[in-house]
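Novice: Listed in order, the protein sequences are those of chains A and B.
For the first sequence, the residue numbers in the UniProt record's numbering are 1 to 152.
For the second sequence, the residue numbers in the UniProt record's numbering are 1 to 152.
No wet-lab data here; the hints were simulated from the structure.
Cβ atoms here follow ideal geometry from the backbone N, Cα and C, with glycine treated the same way.
Treat the hints with care, as some may be off.
[Stated by the list, open to error] Computed, partial: chain B to chain A, Cβ under 10 angstroms:
#	residue
1	T42
2	P77
3	G78
4	L152
[Stated by the list, open to error] Which chain A residues stay away from chain B? Per the calculated CB distances, all over 12 angstroms, these:
#	residue
5	G19
6	S25
7	F30
8	V35
9	K71
10	M108
Number of protein chains: 2
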Amino acid sequence: MDELPGSVGTSGSFSLRLGQTLFSSSSLLFMSFGVEFYSYTTFCYLVTVMGLVIPWSFTLALVDGYSVLVKCPIRQPGVLLIIVVGDWILSTLTLAAACSTASVIDLMLQSHAPFCTPKLCSRYRISAILAFLSWFLSLASSLLNLWLLPSL
Amino acid sequence: MDELPGSVGTSGSFSLRLGQTLFSSSSLLFMSFGVEFYSYTTFCYLVTVMGLVIPWSFTLALVDGYSVLVKCPIRQPGVLLIIVVGDWILSTLTLAAACSTASVIDLMLQSHAPFCTPKLCSRYRISAILAFLSWFLSLASSLLNLWLLPSL
Chain A
1 MDELPGSVGT
11 SGSFSLRLGQ
21 TLFSSSSLLF
31 MSFGVEFYSY
41 TTFCYLVTVM
51 GLVIPWSFTL
61 ALVDGYSVLV
71 KCPIRQPGVL
81 LIIVVGDWIL
91 STLTLAAACS
101 TASVIDLMLQ
111 SHAPFCTPKL
121 CSRYRISAIL
131 AFLSWFLSLA
141 SSLLNLWLLP
151 SL
Chain B
1 MDELPGSVGT
11 SGSFSLRLGQ
21 TLFSSSSLLF
31 MSFGVEFYSY
41 TTFCYLVTVM
51 GLVIPWSFTL
61 ALVDGYSVLV
71 KCPIRQPGVL
81 LIIVVGDWIL
91 STLTLAAACS
101 TASVIDLMLQ
111 SHAPFCTPKL
121 CSRYRISAIL
131 AFLSWFLSLA
141 SSLLNLWLLP
151 SL
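With these hints in hand, go ahead and build the complete structure from the sequences.
Specialist: Right, here's the structure in full:
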């Protein structure tokens with residue numbers, strides 16, 4: 001069987017997973033480091049979702065790294081299905097969190113809220129952008145693995 | 001070939017499309033009828049997305065109704081692919097709009113914003129809930145058609 005670049009067990013997938021881990025960790029850090037995010041439901045939601053994405057992506061990055069090293073990619077349809085569904089659920093949650101955060105920041109800036117100083121708001125904004133990037137990579141992983149699924 | 005309930009050209013699909021049209025129209029009406037939604041980017045975005053979903057779902061409802069009547073469902077892979085991709089893009093946009101609206105309403109209620117009277121805010125909230133329902137049906141259509149795709 002041909003190897004599809006980016007499907008599980010390839011170096012492309014390893015890069016995608018590393019990117020997801022990196023972007024979601026940075027998003028979490030920008031949101032939570034020295035910032036009172038817990039006053040807002042939306043920001044708490046983003047932090048929760050990122051807390052789920054980081055271990056998932058990191059574990060799969062380790063699996064991919066191992067598969068690349070031993071040159072033996074995972075090809076069990078059951079395992080692949082779990083990965084596709086997990087990726088899809090997490091990417092939906094990430095999209096929801098990123099959109100919510102972006103729209104709340106937009107409203108804060110629009111209404112000149114006193115609780116949103118320029119420095120704080122730019123941090124929140126960077127966090128939302130990083131969450132979007134994480135969503136994009138997660139979606140790419142999910143679609144590439146879904147593409148591989150019927151051929152197994 | 002067995003007919004998958006809910007795939008394009010079946011009465012299940014017709015019901016799903018009717019539901020999507022109904023929910024998205026109601027969401028649009030609750031948001032825009034006598035309410036100054038255009039002051040907020042998020043609400044404008046919801047209205048725009050609903051304005052895209054309504055004609056798409058309505059057209060496909062007509063196609064499904066016709067297919068059911070003449071008992072000749074569409075089975076061209078190309079057409080089905082366009083429907084799956086279109087549904088998927090619209091469901092992503094709907095999810096983004098619904099989450100953004102929900103989080104903005106939450107922030108408005110939390111900060112006791114003067115521009116959010118209880119009557120107005122409950123309208124916005126109903127609109128967001130209807131958008132979520134529309135997303136759910138749109139996703140169901142997309143997944144059922146995607147399931148059918150490899151068998152053509």
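Novice: Kindly indicate which numbered hints from before are broken by the structure, ordering the numbers from low to high.
Specialist: 2, 3, 4 and 10
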